[in-house]
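Number of protein chains: 2
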Amino acid sequence: MRLTTVRRTINVKGFIALLTLLVSATCLADDSNALPSWQDSAARQQITAFVSDVTNPESANYVALGERIAVFDNDGTLWAEQPIYSQLFFVADRIRAQAPEHPEWQTEEPFASMLKGDIAGAFGSSHDAALKLVRASQAGLDTDAFDQVVRDWIQSARHPATGKPYNKMVYQPMLELLSYLQDNDFKSFIVSGGGIDFMRPWTESVYGIPPERVVGSRVAKRFELIDGVAHVVHEGTLEFNDDKEGKPIGISQHIGRRPIAAFGNSDGDLQMLQWTSAGSGPRLGVIIHHTDADREWAYDRESDVGTLNEALDQAPQRGWVVVDMKQDWKQVFPD
Amino acid sequence: MRLTTVRRTINVKGFIALLTLLVSATCLADDSNALPSWQDSAARQQITAFVSDVTNPESANYVALGERIAVFDNDGTLWAEQPIYSQLFFVADRIRAQAPEHPEWQTEEPFASMLKGDIAGAFGSSHDAALKLVRASQAGLDTDAFDQVVRDWIQSARHPATGKPYNKMVYQPMLELLSYLQDNDFKSFIVSGGGIDFMRPWTESVYGIPPERVVGSRVAKRFELIDGVAHVVHEGTLEFNDDKEGKPIGISQHIGRRPIAAFGNSDGDLQMLQWTSAGSGPRLGVIIHHTDADREWAYDRESDVGTLNEALDQAPQRGWVVVDMKQDWKQVFPD
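Each protein sequence line maps, in turn, to chains A and B. To convert, note that position 51 of the first sequence is 94 in this note's numbering; the numbers rise steadily by one, no gaps. To convert, note that position 162 of the second sequence is 205 in this note's numbering; the numbers rise steadily by one, no gaps.
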């Protein structure tokens, strides 16, 4: 009888201990299992050391939950951006789909080049040409309609070089990093030069980042009552360019706080990295360096897409971690 | 021995049942205790019925966690806005503080009127005058400096009619509503005509709404490197007016999803209420009607501040709940 009592008592205690363990496991990050697609290199160690430091209540560098803001560039940082930005393929598909209603596009530039398949040429010919194409891809649609157009495209379209859906052209180590930061009570935001309304329909399912945590370039919109029913309609004119100097301004507009960690891959992210690093207390700046021509693409200073030059020069003096994709990542894309 | 075994088994089962109960109590709203400062009137019942419906997994109207977006106007909805918007008192204090460096303000309008104490007159004289005053209150400061100026003011300033700090001039029933929605996994945002950078430094401590969930009117900002150190500096020119038609556009910019619930008190909230209500599925629109001249202020159609006219007319046909502050609230301000 006594033995049974003891055994049962142990069971209750064991049950409570198990619960405590479960709660601890949920609340505290276990760094040893984090980031399995990352080599155990200096880059990974610098990232995990930063996170351990700012989440350690005993540390002088401890950062309160709400202030753990991390910002991520998208093109070239979370998903591939070669041979051209994926949004340009989207715009090209939209132009093709609408071409039957616009016979004048067969001869009018930049539409004519686009319809002949010269996407990079059509976009690259001038800033004005690029704006015309983006406008044609979304102007006049209301927010619900454009959202659906993007959802349909991301489901059906395939990357020309790999044949994969674009939402599988994301970096497995970065998905792990997003999860790792979330487990450590960071709030992660995308801060991209890409169109804000082009990203929002799929970032939550792909990255776990909800629409309100996506900052990007914006077209103007107007409010309209049609037969008494309210709509918000895309005007199509570029209202905010969330690139270079625009990124810290976009962060200030949308987030209202300076991040403590920033992740980018190009000179478009330079000012975001500079502003993040300039805050007081511990800061993490990370540059993803595309060095892997076999598993992905290798490019930096001379590339038209994702030029990485000034930011690479400034990385050592500003203490930014440079991730060498070839050396530091065991795996690039998800299985 | 058998008896003891049974008793221990019951204890373990009882412990698990208790845990289940605790978890349920945390996860499910207990409507009977929610909103203690609200009378058990039709307004309260309509609000809690909506929340119970959209959070009930068995309901056809169930709304997934991430899509439970609620938007709140600030002036007149979450805090008092009489005799004039509180931000105007802030601007007046900023003008007074800077006056010694600007002797020309003694004769130059609208500064001269402002320095003589005619705040409403100085602001009301023209749109241009109002913009000049707002610009003078923040232009040239970087984000950290302006943030600190606002924090200092909200701690030290007192409302002229009540002598209370402005952050105590908030509505107790609305604080309870914010908590109730948070307990039901809503994401609440402020969408205000007020300055976004004027609200963000204190909304988290007062309302539990972090800076990134505040949408408001914005001045332009610029990025600057000063001796290699990055700053984001307020330019002072009004770049976005988050009022009337601007509110649904501001929501689209910042949140990227149509809310399922909107709370306002004036015609400045009309389009936000219209756009929220126009979405498919269950929607909640609420208008706070200022009817209590004893405990607060009574005003609507004829008021210069917080004019409520068109929205009040449209409320019945659009199914918006009109909260009568005098009848529906047991208490207005926190103790």
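Just so you know, the hints here were simulated from the structure itself, not pulled from any lab data. Each hint should be verified, as a subset may be incorrect.
You can't tell identical chains apart in this list, so a pair holds if it fits in one copy or across any two.
[Said to hold, decoys possible] Straight-line alpha carbon distances no greater than 20 angstroms define the calculated DMTMM-like cross-link-like pairs of lysine to aspartate or glutamate that follow:
id	residue 1	residue 2
1	Lys211	Asp343
2	Lys207	Glu152
3	Lys287	Asp185
4	Lys230	Glu247
5	Lys211	Glu288
6	Lys230	Glu110
7	Lys287	Asp161
8	Lys211	Asp347
9	Lys230	Glu152
10	Lys175	Asp343
11	Lys207	Asp195
12	Lys287	Glu267
13	Lys211	Asp96
14	Lys287	Asp270
15	Lys211	Asp185
16	Lys373	Asp335
For each hint, the structure was consulted:
With identical chains, the CA atoms of lysine 211 and aspartate 343 are never at most 20 angstroms apart, being 23 angstroms at best within one copy and 54 angstroms at best between copies. With identical chains, the CA atoms of lysine 207 and glutamate 152 are never at most 20 angstroms apart, being 30 angstroms at best within one copy and 64 angstroms at best between copies. Proximity of lysine 287 and aspartate 185 under a CA criterion of 20 angstroms is satisfied inter-copy only: 18 angstroms between copies versus 29 angstroms inside one chain copy. Within a single copy, lysine 230 and glutamate 247 get their C-alpha atoms as close as 13 angstroms, and across copies as close as 15 angstroms, so both meet the 20 angstroms cut-off.
In this assembly of identical chains, lysine 211 and glutamate 288 lie within 20 angstroms of each other by CA distance neither inside one copy nor across copies; the values are 30 angstroms within and 38 angstroms between. In this homomeric assembly, lysine 230 and glutamate 110 come within 20 angstroms of each other (Cα to Cα) both inside a single copy, at 8 angstroms, and across copies, at 18 angstroms. Proximity of lysine 287 to aspartate 161 under the C-alpha cut-off of 20 angstroms is found in neither arrangement, the shortest distances being 27 angstroms within a copy and 43 angstroms between copies. Taking identical chains as interchangeable, the C-alpha atoms of lysine 211 and aspartate 347 are never at most 20 angstroms apart, the minima being 23 angstroms within one chain and 55 angstroms between chains.
Taking the closest pair of Cα atoms, lysine 230 and glutamate 152 never come within 20 angstroms of each other, the shortest separation being 43 angstroms inside a single copy and 45 angstroms across copies. Taking identical chains as interchangeable, the C-alpha atoms of lysine 175 and aspartate 343 are never at most 20 angstroms apart, the minima being 28 angstroms within one chain and 46 angstroms between chains. Proximity of lysine 207 and aspartate 195 under a CA criterion of 20 angstroms is satisfied intra-copy only: 15 angstroms inside one chain copy versus 54 angstroms between copies. When the C-alpha separation of lysine 287 and glutamate 267 is checked against a cutoff of 20 angstroms, the pair qualifies only between copies, where the shortest distance is 12 angstroms, while the shortest distance within a copy is 33 angstroms.
Proximity of lysine 211 to aspartate 96 under the C-alpha cut-off of 20 angstroms is found in neither arrangement, the shortest distances being 32 angstroms within a copy and 36 angstroms between copies. In this homomeric assembly, lysine 287 and aspartate 270 come within 20 angstroms of each other (Cα to Cα) only across copies, at 18 angstroms, whereas the closest approach inside a single copy is 42 angstroms. Taking the shortest Cα distances, lysine 211 and aspartate 185 never come within 20 angstroms of each other, neither inside one copy (28 angstroms) nor across copies (40 angstroms). Taking the closest pair of Cα atoms, lysine 373 and aspartate 335 come within 20 angstroms of each other only inside a single copy of the chain (11 angstroms); across copies the shortest separation is 66 angstroms, beyond that limit.
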